[in-house]
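Put together the whole structure using the sequences plus the hints.
Going left to right, the sequence shown walks through residues 38 to 286 as my numbering numbers them.
None of these hints come from the bench; they were simulated from the model.
Treat the hints with caution; some may be incorrect.
[As the list claims (entries may be wrong)] Pair ranges (Cβ atoms, derived):
hint, residue 1, residue 2, range
1, R122, G269, 23 to 33 Å
2, P148, E111, 16 to 26 Å
3, E165, E138, 20 to 30 Å
4, R79, P219, 56 to 66 Å
Ideal Cβ positions, reconstructed from N, Cα and C, are used throughout, including at glycine.
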Amino acid sequence: MATYRDVGIVLRTHKLGETDRIVTMLTRGRGEIRAVAKGVRRTRSKFGARLEPGMIVDLQCYEGRSLDTVTQAEIIAPYGERFTRDYGAFTAATAMLETAERLVEEHEAVPQQFNLLAGALASLAHREHDAGLVLDSYLLRAVAIAGWAPSFVDCAGCGATGPHRAFNLASGGAVCYSCRTPGSAAPHPETFALLAALLTGDWEVADAGSPGARKESSGLVAAYVQWHLERGVRSFRLVDRTPSLETTR
Numbered sequence: 038m039a040t041y042r043d044v045g046i047v048l049r050t051h052k053l054g055e056t057d058r059i060v061t062m063l064t065r066g067r068g069e070i071r072a073v074a075k076g077v078r079r080t081r082s083k084f085g086a087r088l089e090p091g092m093i094v095d096l097q098c099y100e101g102r103s104l105d106t107v108t109q110a111e112i113i114a115p116y117g118e119r120f121t122r123d124y125g126a127f128t129a130a131t132a133m134l135e136t137a138e139r140l141v142e143e144h145e146a147v148p149q150q151f152n153l154l155a156g157a158l159a160s161l162a163h164r165e166h167d168a169g170l171v172l173d174s175y176l177l178r179a180v181a182i183a184g185w186a187p188s189f190v191d192c193a194g195c196g197a198t199g200p201h202r203a204f205n206l207a208s209g210g211a212v213c214y215s216c217r218t219p220g221s222a223a224p225h226p227e228t229f230a231l232l233a234a235l236l237t238g239d240w241e242v243a244d245a246g247s248p249g250a251r252k253e254s255s256g257l258v259a260a261y262v263q264w265h266l267e268r269g270v271r272s273f274r275l276v277d278r279t280p281s282l283e284t285t286r
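Okay, structure coming up:
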């Protein structure tokens, strides 16, 4: 069986038998993989703690018919440990990992998705911005890479120059008066500005967003992502939207 090395972000784990785990990872070179980590639930396991959700690891595996097997794992970034000390970061990271798993295909490399997730996890771990803003920025960029880039200025329907006042999930974001359909939302202009900043990475604007704009934008982002995934993301309901201390000073 072929052996390979890659860098992976642990997305999810679940038990297998008495001592093993199946680890789902997003890798840089192979996309999503599922591999058995043997004996990692034993207290003396050498790398069990290295294969927890949120960890970035340099791993060696050998290929199997249905599941690969992890033979070595070295920590590159121990983000999983840091998130356990910060509930807001933990819930945001959990939502990111679940969304990433939904967006990528098994054994189909998408380096942009890998790099985006790795960068978002680093931002969370180092508390560079409010956890809720980092999550929403990640979600918008991730769906854009997947082919569902939203528009928050010009009309997503006809391309008419914005800004516009209506937002429609099916149309892809902001819509003009002519393209607006029943059921469209009417976000505050500041919310549109915040959404545009989160999509483009304009953190000066994003960090200055008011609590009201952040709350409204997070609801629209969650709805937009789940609309295009065509299924709910369970972690969204657990996300802690309490502003961090840095944003309340």
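Ascending list of hint numbers which this structure does not respect: Of the numbered hints given earlier, the structure breaks none, since each of them holds.
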